[in-house]
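Turn these sequences into a full structure, and let the hints guide you.
2 protein chains.
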Amino acid sequence: MTAPTTIPPRSGTAFRLAEGQVLTVIDPQGEQVSDLVAFNAHDLGEAISSGRSLDYASKLYLTAGDPIYSNRSNVMLRIVEDTVGRHDFLLTPCSKETFKIIYNDENPHHGCFGNLEIALAPFGIGPDSIPVAFNCFMNVVIAPATGAFTVEAPLSRAGDFVKFRAEMDLIIGLTACSALQSNNYAFKPIDYRVDRAG
Amino acid sequence: MTAPTTIPPRSGTAFRLAEGQVLTVIDPQGEQVSDLVAFNAHDLGEAISSGRSLDYASKLYLTAGDPIYSNRSNVMLRIVEDTVGRHDFLLTPCSKETFKIIYNDENPHHGCFGNLEIALAPFGIGPDSIPVAFNCFMNVVIAPATGAFTVEAPLSRAGDFVKFRAEMDLIIGLTACSALQSNNYAFKPIDYRVDRAG
Numbered sequence: 001m002t003a004p005t006t007i008p009p010r011s012g013t014a015f016r017l018a019e020g021q022v023l024t025v026i027d028p029q030g031e032q033v034s035d036l037v038a039f040n041a042h043d044l045g046e047a048i049s050s051g052r053s054l055d056y057a058s059k060l061y062l063t064a065g066d067p068i069y070s071n072r073s074n075v076m077l078r079i080v081e082d083t084v085g086r087h088d089f090l091l092t093p094c095s096k097e098t099f100k101i102i103y104n105d106e107n108p109h110h111g112c113f114g115n116l117e118i119a120l121a122p123f124g125i126g127p128d129s130i131p132v133a134f135n136c137f138m139n140v141v142i143a144p145a146t147g148a149f150t151v152e153a154p155l156s157r158a159g160d161f162v163k164f165r166a167e168m169d170l171i172i173g174l175t176a177c178s179a180l181q182s183n184n185y186a187f188k189p190i191d192y193r194v195d196r197a198g
Numbered sequence: 001m002t003a004p005t006t007i008p009p010r011s012g013t014a015f016r017l018a019e020g021q022v023l024t025v026i027d028p029q030g031e032q033v034s035d036l037v038a039f040n041a042h043d044l045g046e047a048i049s050s051g052r053s054l055d056y057a058s059k060l061y062l063t064a065g066d067p068i069y070s071n072r073s074n075v076m077l078r079i080v081e082d083t084v085g086r087h088d089f090l091l092t093p094c095s096k097e098t099f100k101i102i103y104n105d106e107n108p109h110h111g112c113f114g115n116l117e118i119a120l121a122p123f124g125i126g127p128d129s130i131p132v133a134f135n136c137f138m139n140v141v142i143a144p145a146t147g148a149f150t151v152e153a154p155l156s157r158a159g160d161f162v163k164f165r166a167e168m169d170l171i172i173g174l175t176a177c178s179a180l181q182s183n184n185y186a187f188k189p190i191d192y193r194v195d196r197a198g
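From first to last, the protein sequence lines stand for chains A and B. Just so you know, we're using the UniProt record's numbering here: the first sequence kicks off at 1 and counts up by one. Just so you know, we're using the UniProt record's numbering here: the second sequence kicks off at 1 and counts up by one.
Simulated from the structure, these hints should not be mistaken for lab results. Any given hint might turn out to be false.
For identical chains, the list gives no copy identity; a pair is met inside one copy or between any two copies.
What the hints assert, rightly or not - As a list, the in silico BS3-like pairs of lysine-lysine whose alpha-carbon atoms are at most 27 angstroms apart:
#, residue 1, residue 2
1, Lys96, Lys59
2, Lys100, Lys59
3, Lys163, Lys188
4, Lys188, Lys100
Structure representation (C-alpha cells):
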C-alpha cells in the first residue's frame with residue numbers, strides 16, 4: 001500500500017489512473033469535500049456523466065457497489081468501499097462565478113473549477129470539457145416537495161474515505177474544495193492514494 | 001404569433017433560436033416529455049449546464065423566472081412562463097443504453113439521445129457534446145433520505161407549456177421523448193413555436 005499524497009487546501013491535481021488501479025480519496029481532518037472528474041485516457045471526449053450515472057442507478061446518492069458511467073454509457077469507475085455514504089453528483093465544481101453569484105464575492109477565488117482547469121491542461125483537457133464532478137463527501141440536502149436544497153457540512157469525520165476502482169485507463173482530476181459552504185467554513189486538505197487492485 | 005410545429009412521437013429536431021426570440025414548448029395531449037438542449041450558435045463548446053444552473057438556483061425544479069446557465073456560467077435561456085412547474089434537469093436523454101439498462105430491451109430504440117445526435121449533426125455538434133438535457137414536463141420524484149427516485153407521469157395536461165427566452169444566439173435540440181416511464185407508457189408528439197419577444 002502506497003503512502004497518501006496530500007492536496008493542499010483550495011488546490012487540485014491531476015494524474016493517470018490505470019485500469020484496475022484503486023484510488024482512495026481520504027478526508028484527513030473531516031468535513032472536507034473533494035471534487036473528482038475522470039476522462040478516458042485514450043479518448044478525451046469520454047468523461048464521467050452525472051446524468052447517466054444517476055439515471056441508471058435511479059438514485060442521487062451513489063455509494064459502494066455503484067458504477068460511475070461515462071457520457072457514452074461505459075463504466076469508468078466503480079465505488080468499491082465508502083465509509084461515509086453521502087456524496088454529491090448534482091453540482092459543478094465551485095468557480096469564480098460560484099463565488100460571485102452565491103457568495104457575492106467581489107474578488108473571487110478561482111475555485112475547484114480553476115484548480116481543475118490548471119491541473120488538467122497538461123493532459124490536453126480544456127475547461128469546457130470539465131463535467132459535473134463527483135463531489136466526494138459533499139452533503140446536499142434536498143427538500144422533496146420544492147426541490148430546494150442546501151449545502152450542509154459533510155458527514156465525513158477524520159480518516160473517512162471513498163475508494164474507486166478504475167474500469168478503464170483514466171485521467172483523474174481531484175481537488176481539496178475551495179467553497180465555504182461545502183467544508184463547513186474551514187479550508188482543509190484532502191489525501192489520496194493509488195494502489196493496485198487488492 | 002406563429003403556428004406551432006409538431007415533433008412526431010419518438011423523434012427530434014434542431015433549429016436556430018436568435019437572442020430575444022421566445023421558444024414555447026407545448027404538450028399538446030398531456031403527459032409527454034420533451035428533452036431540450038442548447039448550444040451557443042457562435043461557439044459550440046458552450047452548452048447548457050445542469051450543474052451550474054441548479055447550483056446557482058439552489059433548487060432542483062426550475063420554473064418561471066429561473067435562468068439556465070451554460071458551462072461558462074453565462075445565461076443561455078430564461079424561463080419566462082410555465083404552466084406546469086415540474087421539469088427535470090438531472091437526467092440525460094434516453095438512449096439505446098437506457099433501454100438496455102433500465103428496460104432490459106434487447107432491440108432498443110435509439111431514444112432522445114439518438115434523435116438529438118441526428119438532428120444536431122448538421123450543425124457540427126457531435127454526440128459527446130450532448131449535455132444533461134432540460135427535460136420539459138419530466139416528473140422525477142425523489143425520496144429525500146435515500147435519494148432514490150422514480151420517474152412518474154408528467155403533471156402536464158393537454159395544452160400546457162413552458163416558454164424560454166433566448167439570451168444569446170442558440171442552436172436548440174428538442175425531442176418528443178421516447179422513454180416509456182417518462183410519458184406514462186404512451187408515445188405522443190410535442191409542439192413548439194418560435195416568436196419574437198413580446
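Okay, the hints, checked on the actual structure:
1. Lys96 - Lys59: Between copies only: 20 angstroms across chains, 30 angstroms inside a chain, cut-off 27 angstroms.
2. Lys100 - Lys59: This pair counts as between: shortest inter-copy Cα distance 18 angstroms, intra-copy 31 angstroms.
3. Lys163 - Lys188: within (20 angstroms within a copy, 43 angstroms between copies)
4. Lys188 - Lys100: within (22 angstroms within a copy, 42 angstroms between copies)
Checked against the numbered hints given earlier, the structure satisfies every one of them.
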